[in-house]
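Undergrad: So the protein sequences, as listed, match chains A and B. According to the numbering used here, the first sequence is numbered sequentially starting from 1. According to the numbering used here, the second sequence is numbered sequentially starting from 1.
Quick caveat, the hints were computed from the structure, so don't treat them as lab data. No experiment lies behind these values; they were computed from the predicted model shown. There's no promise every hint is true.
Claimed, not checked - Per label pair, the in silico range of CB-to-CB distance:
1) A:A135 <-> B:T97: 33 to 41 Å
2) B:D81 <-> A:G118: 19 to 27 Å
3) B:A157 <-> A:T97: 47 to 55 Å
4) B:S60 <-> A:E175: 19 to 27 Å
5) A:V145 <-> B:P169: 25 to 33 Å
Yeah, the Cβ is synthetic: ideal placement off N, Cα and C, and Gly gets one too.
Protein chains: 2
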Amino acid sequence: MAGSSPEREPVAARASARRGIPPATVARLPGYLRALHALAAEGVVTTSSDELADRAGVGSAQLRKDLSWLGSYGRRGVGYDVEHLSSQVEVALGLTTQRRVVIVGIGNLGHALANYSGFADRGFGVVGLVDADPAVVGTTVAGLVVRPLDELRAIVAATDASIGLIATPAAAAQEVCDALVEAGVVGILTFAPRSLRVPPHVDVRAVDVASELQILAFHDHRRATGA
Amino acid sequence: MAGSSPEREPVAARASARRGIPPATVARLPGYLRALHALAAEGVVTTSSDELADRAGVGSAQLRKDLSWLGSYGRRGVGYDVEHLSSQVEVALGLTTQRRVVIVGIGNLGHALANYSGFADRGFGVVGLVDADPAVVGTTVAGLVVRPLDELRAIVAATDASIGLIATPAAAAQEVCDALVEAGVVGILTFAPRSLRVPPHVDVRAVDVASELQILAFHDHRRATGA
């Protein structure tokens, strides 16, 4: 919405967007936004690239380069205006409208995700819960009634959900993914430990907790063996 | 264990490890292992780089390059032996010994993680649950009694845990992280939406679900605005 407002999205930012912000930069923007919101909550009005980079856990040269893609360079001796920069990052990420999320798979993890309070203040609303298990369908989780998988298409249409969150076992994930895509979702965040096939217009992000642990194990192992 | 066995860790692999496997390659190894285990479960004995790459969701040139760091090149016209390659990846990641994990923060997410059945067959055992809330301490989750934060050091020492999993709110995460580091943990997987400071000998992996959604929002936004 504000994406079309010239005050919030200056010409330089639009030009950058057209050139295409690199995916690695996009992946770091949520971290900057998180740090900016924390600064704002502390009443901080302006911040330096060093402070912001430190809070976000990146180098300050990296931060300055990333923010230059948004047409944001800070001011020498003054730094970045926290509120203005927050708006710029939000506009770049498209967070000026709330995006609606449907969760499929209401087991332990789906339950936890449905109840996660951190979505709302970061631009997302959970609008639908779906499960294949008749014992789970009809129960109320986080204020929403869990509905059967064959209603997925109707739920996505009725709620205008654009993002699907897959919290099913690995064996069911591709089928659920296909159903989400067919229902019209264009972004999928999956927690199932398998890779998913989607058409080119759909984006997938994957979180595999055991894979993250295995990456940590590698470092521990290297240390232990003195490699 | 098998890490010191010459059969399972050939000279070439050890040489590669000494040269240092690039972090991006390390991050892809768990995906290859996941795909290899799925193939083995289907009774597949040998696989091509094309098939394995497809299953893992990467390009086959990328796969071959990554596996060459393990000293594994496949055989022309035969491909890779599924079982042997699985072992090589497991040795490289240090998964030949089970690693012990302590979870701090037994709210909705900590609860779901404690109950996650996917850890055990991927090399990890949850050996301790810790929470700061007196109402949660003493309850049993996934067969373990939740213990208070001030027992963390004793739990890590008694269980020889090397990895800590942080599922607390953001405000508590740095304090919990410091306590885990002090207790002797060398790897931390955090779900709290804030960056954490650790000493150089400790590795941190971060999963921030809302950040993942924000990255998906970016792509949806770009599509919607025709950028």
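Undergrad: Between A157 (chain B) and T97 (chain A), does the beta-carbon spacing fit 47 to 55 Å?
TA: For T97 (chain A) against A157 (chain B), whose Cβ atoms are near 50 Å apart, the range 47 to 55 Å holds.
Undergrad: Does the Cβ pair A135 (chain A), T97 (chain B) satisfy 33 to 41 Å?
TA: 38 Å, holds
Undergrad: Quick one: are D81 (chain B) and G118 (chain A) within 19 to 27 Å, going by C-beta?
TA: 45 Å, violated
Undergrad: Has the hinted range 19 to 27 Å been met by the Cβ atoms of S60 (chain B) and E175 (chain A)?
TA: Distance hint for S60 (chain B), E175 (chain A) holds at roughly 26 Å.
Undergrad: Range first: 25 to 33 Å. Now tell me if the beta carbons of V145 (chain A) and P169 (chain B) are that far apart.
TA: 27 Å, holds
In summary, the structure is inconsistent with hint 2 from the numbered list given earlier, while agreeing with all the others.
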